[in-house]
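> Which chain is which? The protein sequence lines are A and B, in order. First residue of the first sequence? That's 203 in the numbering used here, and the numbers climb one at a time after it. First residue of the second sequence? That's 189 in the numbering used here, and the numbers climb one at a time after it.
No lab work stands behind these hints: they were computed from the structure. Heads up, a few of these hints could be off.
Claimed, not checked - Below, in silico cross-link-like pairs of lysine-lysine (DSSO-like), each with a Cα-Cα straight-line distance of 30 Å or less:
#1 B:Lys-284 - B:Lys-235
#2 A:Lys-277 - B:Lys-249
#3 A:Lys-235 - B:Lys-249
#4 B:Lys-208 - A:Lys-360
#5 B:Lys-208 - A:Lys-310
#6 A:Lys-235 - B:Lys-235
#7 B:Lys-205 - B:Lys-249
#8 B:Lys-208 - B:Lys-284
#9 A:Lys-277 - A:Lys-335
#10 B:Lys-249 - B:Lys-208
#11 B:Lys-194 - A:Lys-309
#12 A:Lys-328 - B:Lys-205
#13 B:Lys-295 - A:Lys-310
#14 A:Lys-309 - B:Lys-295
#15 A:Lys-310 - B:Lys-205
#16 B:Lys-284 - A:Lys-235
#17 B:Lys-208 - A:Lys-335
#18 A:Lys-360 - B:Lys-194
#19 A:Lys-328 - B:Lys-208
#20 B:Lys-295 - B:Lys-194
#21 B:Lys-235 - A:Lys-310
#22 A:Lys-235 - A:Lys-309
#23 B:Lys-249 - B:Lys-284
#24 A:Lys-328 - A:Lys-309
#25 A:Lys-335 - B:Lys-235
#26 A:Lys-360 - B:Lys-235
#27 A:Lys-233 - B:Lys-249
#28 B:Lys-194 - B:Lys-208
#29 B:Lys-194 - A:Lys-335
#30 A:Lys-235 - A:Lys-310
#31 B:Lys-249 - B:Lys-295
#32 A:Lys-310 - A:Lys-249
#33 B:Lys-208 - A:Lys-249
#34 A:Lys-235 - A:Lys-249
#35 A:Lys-309 - B:Lys-235
Since we're looking at a predicted model, the values are computed, not measured.
Spelled out, the chains give:
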Amino acid sequence: MLAVWWGDLSSLAGLVVGLPGFIITIILLLKSKNAAEAAEAAADETKRGFERVLTLTDLTTAVATGEEIARLQRKEAWSTVVDRYTHLRRLLIGIREENPNIAPEHKKAIQGTITQVILLQEKVEKVSMQAEKPDIPRLNSILSNQMDVLEALAASVKFKGARI
Amino acid sequence: MNDEEKLIQIAIQLLSKTRKDLVNWEETADPTLFQTTMEDYTVTIDKVGGSRFDLHLRNQKGRAIASVQVREGTASTTNYNTLSNLYEIARRQALKIDSALDDVISKLSEDET
Chain A
203 MLAVWWGDLS SLAGLVVGLP GFIITIILLL KSKNAAEAAE AAADETKRGF
253 ERVLTLTDLT TAVATGEEIA RLQRKEAWST VVDRYTHLRR LLIGIREENP
303 NIAPEHKKAI QGTITQVILL QEKVEKVSMQ AEKPDIPRLN SILSNQMDVL
353 EALAASVKFK GARI
Chain B
189 MNDEEKLIQI AIQLLSKTRK DLVNWEETAD PTLFQTTMED YTVTIDKVGG
239 SRFDLHLRNQ KGRAIASVQV REGTASTTNY NTLSNLYEIA RRQALKIDSA
289 LDDVISKLSE DET
């Protein structure tokens, strides 16, 4: 009887002594899990931030290339213009491919601009082969509209941290 | 259904959506070519000469991947009418012809009063 009572008391004492340790272990485990998750989230955010900077840089370069093309078109430097259009198109395709989770409205904007750029390039290729006379104001007007689209996109990435 | 039939189907749907103002058409470098964009694809419609209409489906790189051409007298009348109507409505929307006409009428009416 005494042995049973002593045994129960020992178990209870064991529980009393062991419980705080167990609770502390759980808390530490939860803390380390939260810390790991927080570290992972911070790493993801840093990665996203870095990608945003790269995208922003590419968008800014694309706009600068568009402006350069407009200047070259005014000078009728057609052979150089064709190359610059190729560069611009590749930049835009790159932005799109490097951002697979791009927001639908941004995807649509870039898709529209890529098509506009290829149509501009086709037109300029005909001009450079002297198959057509250039309508420079029209070319620059269409190009300028597309640069506005890219600038708006860059602004939303820069100021709103938009998903692109 | 082959590619041409599917493109005509796309044209019919675009025609209906453009009439409801659910699709946005844009001008391009070519004054007779208009484009509308979805997330991954662009559709362009072009009037070539006086009586031919070309509809192209373009991929993510802007390249034409499927096309249909209809010429008056050679294509089926229904297909010709579909592309001809789509071209006209796309042109009117891209150039904002209706709002320009309404604006001018409104301004002229103001001047009279």
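> Between Lys-249 of chain B and Lys-208 of chain B, is the straight-line Cα distance small enough, at 30 Å or below?
Holds, because 29 Å separates the two Cα atoms, which is no more than 30 Å.
> Quickly compare the C-alpha distance for Lys-208 of chain B and Lys-360 of chain A to 30 Å and report which way the hint goes.
violated (35 Å)
> Decide if the proposed pair is consistent with the structure: Lys-309 of chain A and Lys-295 of chain B, CA atoms, cutoff 30 Å inclusive.
Given that 30 Å is the threshold and the Cα spacing comes to 39 Å, the pair is violated.
> Next pair to validate is Lys-208 of chain B with Lys-335 of chain A; report whether the Cα-Cα distance is within 30 Å.
violated (37 Å)
> Does Lys-284 of chain B sit within 30 Å of Lys-249 of chain B, going by the straight-line distance between their CA atoms?
holds (28 Å)
> Against the 30 Å threshold, does the CA-CA distance of Lys-310 of chain A and Lys-205 of chain B hold or violate the hint?
holds (17 Å)
> Keeping to a limit of 30 Å between CA atoms, is the pair of Lys-205 of chain B and Lys-249 of chain B held or broken?
holds (25 Å)
> Would the pair Lys-328 of chain A and Lys-208 of chain B pass a check requiring their Cα atoms to be no farther apart than 30 Å?
violated (36 Å)
> Is Lys-295 of chain B close enough to Lys-310 of chain A, meaning Cα to Cα at most 30 Å?
Measuring from Cα to Cα gives roughly 36 Å; hence the hint is violated.
> When you check the alpha-carbon spacing of Lys-277 of chain A and Lys-335 of chain A, does it fall within 30 Å?
holds (14 Å)
> CA of Lys-208 of chain B to CA of Lys-249 of chain A, is that 30 Å or under?
violated (42 Å)
> Lys-235 of chain A and Lys-310 of chain A were given as a pair; does the straight-line alpha-carbon distance stay at or below 30 Å?
violated (40 Å)
Going through the hint list in order, the structure does not satisfy hints 3, 4, 6, 12, 13, 14, 16, 17, 18, 19, 20, 22, 26, 27, 29, 30, 31, 33.
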